[in-house]
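Visitor: Spelled out from the first residue to the last, the chains are:
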Amino acid sequence: MNVRYGSKTYTFHCPMTVRKLLKKLRVVPEGVIVAVNGNLVTSDHRIMLEDDVEIVRAISGGSKKQPAALFDCGTRPSLGNLSLDIRRDGGPDA
Amino acid sequence: MRCKLCSDRAVAEIPQHRMALCQPCYLDWFPSYTKKAIRKFGMLRRDERILVAVSGGKDSQALWRVLVDLGYQADGLVIDLGIDDDGQGAAPGEGYSAKSTDYVRQLAVDLDRPLWVVDLRTMIERTVPDVSRGSRPICSACGVVKRYVMNRVAFEGGYDCVATGHNLDDEVAALFGNVLSWDTYYLSKQSPLSVQRGDRLMKKIKPFCYFTERETAMYAFLGGIPYYHEECPNSVGATSILHKELLNQLEVAAHGSKRRFFDGYLRQRALFQGPDLGDEIPLAYCRRCRMPSPVEICGFCRMLGEVPMTQPGSLAAIRPDGAPEPRELSAVSAA
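Protein sequences appear in the order of chains A and B. Going by the working numbering, 39 is the number at position 39 of the first sequence; the sequence numbering is gapless. Going by the working numbering, 204 is the number at position 204 of the second sequence; the sequence numbering is gapless.
Hints may be right or wrong, so weigh each one.
Calculated cross-link-like contacts (lysine-lysine; reagent style DSS-like; alpha-carbon spacing at most 25 angstroms) [claimed, not checked]:
(1) A:LYS8 with B:LYS4
(2) B:LYS189 with B:LYS4
(3) A:LYS20 with B:LYS4
(4) B:LYS35 with B:LYS4
(5) B:LYS146 with B:LYS4
Only some residues are given here: those of chain B computed to face chain A with a beta carbon under 7 angstroms [stated by the list, open to error]:
(6) MET1
(7) LEU5
(8) SER7
(9) ASP8
(10) VAL11
(11) GLU13
(12) ALA20
(13) PRO137
(14) GLU213
(15) ARG214
(16) ALA217
(17) PHE221
(18) GLY223
(19) LYS244
(20) GLN249
(21) VAL252
Treat the hints as calculated values from the structure; they're not laboratory data. Owing to the predicted nature of the structure, the values given are computational and were not obtained by experimental measurement. Ideal placement from N, C-alpha and C gives every residue a C-beta, glycine not left out.
Take these sequences, add in the hints, and give me the full structure.
Guide: Structure, rendered in C-alpha cells:
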C-alpha cells in the first residue's frame, strides 16, 4: 500500500489497521485524519495492500519535515534518528 | 465501528464525545453542535449581520459554510497579506496569500454570499513581511494587521460582529501558553465571545470553540468544502504548534482533556479579573485612523510609521454587492 503523508510517500507491504499504521509512523491520531481510497475511515479500518492511503495533517499553523521510507514487514529500518518497530500484524515479536 | 445514531458504518471518530458517526449523521451533527455553542455563549441573535474572517484554511471555510447553512446573514472577508511561498513579500496574484484567497473566492461563489477582499498592498502599500521588517516578529505583525482589518471592515461595512474559525485546539494552545507564562492580562480576556466596546470595537465570536481541529478537518473533508491545505510558511516552528502537539498527546491518553481544560478555565476566569489583574483598558480613538485605541496612535498606525493610511470611506471601493449599508468612519461618538 502507498501512504501519502505531507510531501512524502511511504510504501508498506502488509495489511494493517489505521491505528497500527499511525503507530508505525509515530503519528498522533488526534492530529490527523486518514482517507483510504478517497474515503474517510475510522481507526479500526483495515487497510489492504492495494489501497491508496492519505494522512492529512489537521493541526494548522505549521509543518514539520517527514522522512521518506520504504517499509517491509519483518524489517526494522533505521532512518537517521528515526527507529521504527515494525512487524507483521499478529506475528511474533521482532 | 458503527454510527452511534443510526448504526451504519462510521467514518468519523469523535473521541472527546466517545462516539463515532457515519457521513450523513456527522454532517448533521456538526452544524447542530455549532448552534449549541452559539446558544451557550449567547454569541448571536438571528438578525445580526456577521462578517466571517476567512483565510482559505479548513476552519474558517467550514465556519462560513456552517453559518450560512444555519441561516445567518454571514458575509466573508479575506485579507491578501501579500506573503509568498517562502514567507517573503509576494507580487500581486502570486504566492501563498494569493492561493489562499482563491479558495475563499471559490467558496463565496459556492455560497453565493458577498465577499470583501482586502489587498494589503492596496490598503497600506505594503505586504505583511514589509510591515514586520524592523518593527516586530512577522506573526505578531500579521496578528495586528488582521485584527485591525477585521474590525475596521466590520465597523465600516455595517456588520454587527466578526466571526473567526478559532477551534478548541487554538483556544487550549493559547490558554496553555498564557498559563506557562502566567500572563494574567490575557488569562482575564480569553473567551469565545468578546462583547462590543464603544461604537467601533466590534463583537467577536468563535462558534467553533468546542470543535477540535480534527473535527473541523473531518467536516471539511466530508462536506466537500474546498480549502487550502498548505500552512503559512512563516508559521513553521511556531510555539503554538508545539503546544498543540503536546496537548494532542494528552488528549489521546485521556480523551476530553482539552475540553475540560478549556471549560475549567472559562468557569474560573474570574480569578484573573480584578483591580490589579485584568482590568479593561479604557479606549479612545486613534488620532490617525479613528479606530479604537488605548493610546493616541493605535498599534496598527504605529507599526506603519509614515506610510499613508487608507482614508475613511475608501473601503467603499471594495464593497461587494449585497453587503450591508456602510457606517461613516469619520463620525466619532463616545467610546
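Visitor: Does B:GLY223 pass the interface hint, meaning its C-beta sits closer than 7 angstroms to a C-beta of chain A?
Guide: With a closest approach of 11 angstroms, the B:GLY223 hint is violated.
Visitor: Need the status of pair A:LYS8, B:LYS4: alpha-carbon distance at most 25 angstroms?
Guide: Measuring from Cα to Cα gives roughly 35 angstroms; hence the hint is violated.
Visitor: If you take the shortest Cβ to Cβ gap from B:MET1 to chain A, is it below 7 angstroms?
Guide: 4 angstroms, holds
Visitor: Could you check if B:PHE221 really has its C-beta closer than 7 angstroms to a C-beta on chain A?
Guide: 6 angstroms, holds
Visitor: Just to be careful: measuring from the Cβ of B:GLN249 to every Cβ in chain A, is the smallest value less than 7 angstroms?
Guide: Interface hint status for B:GLN249: holds (6 angstroms vs cutoff 7 angstroms).
Visitor: Hint validation: B:VAL252 versus chain A, beta carbon distance must be below 7 angstroms. Holds or violated?
Guide: OK, holds: B:VAL252 within 7 angstroms of chain A, min 5 angstroms.
Visitor: Minimum Cβ distance from B:LEU5 to chain A below 7 angstroms?
Guide: 15 angstroms, violated
Visitor: B:LYS189 and B:LYS4 were given as a pair; does the straight-line alpha-carbon distance stay at or below 25 angstroms?
Guide: Between B:LYS189 and B:LYS4 the Cα gap is close to 37 angstroms, so the pair fails against 25 angstroms, i.e. violated.
Visitor: Verify the proposed pairing of A:LYS20 with B:LYS4, using a straight-line Cα cut of 25 angstroms.
Guide: Holds, at roughly 23 angstroms.
Visitor: Closer than 7 angstroms between Cβ atoms is the bar; does B:LYS244 clear it against chain A? Give me holds or violated.
Guide: With a closest approach of 5 angstroms, the B:LYS244 hint holds.
Visitor: Does B:GLU213 meet its interface restraint, that is, does its C-beta lie within less than 7 angstroms of any C-beta in chain A?
Guide: 4 angstroms, holds
Visitor: Should the hint that B:ASP8 touches chain A count as held when the rule is a Cβ pair under 7 angstroms?
Guide: Nearest chain A Cβ about 12 angstroms off; hint violated.
When held up to the earlier numbered hints, the structure conflicts with 1, 2, 5, 7, 8, 9, 13 and 18 and fits the remainder.
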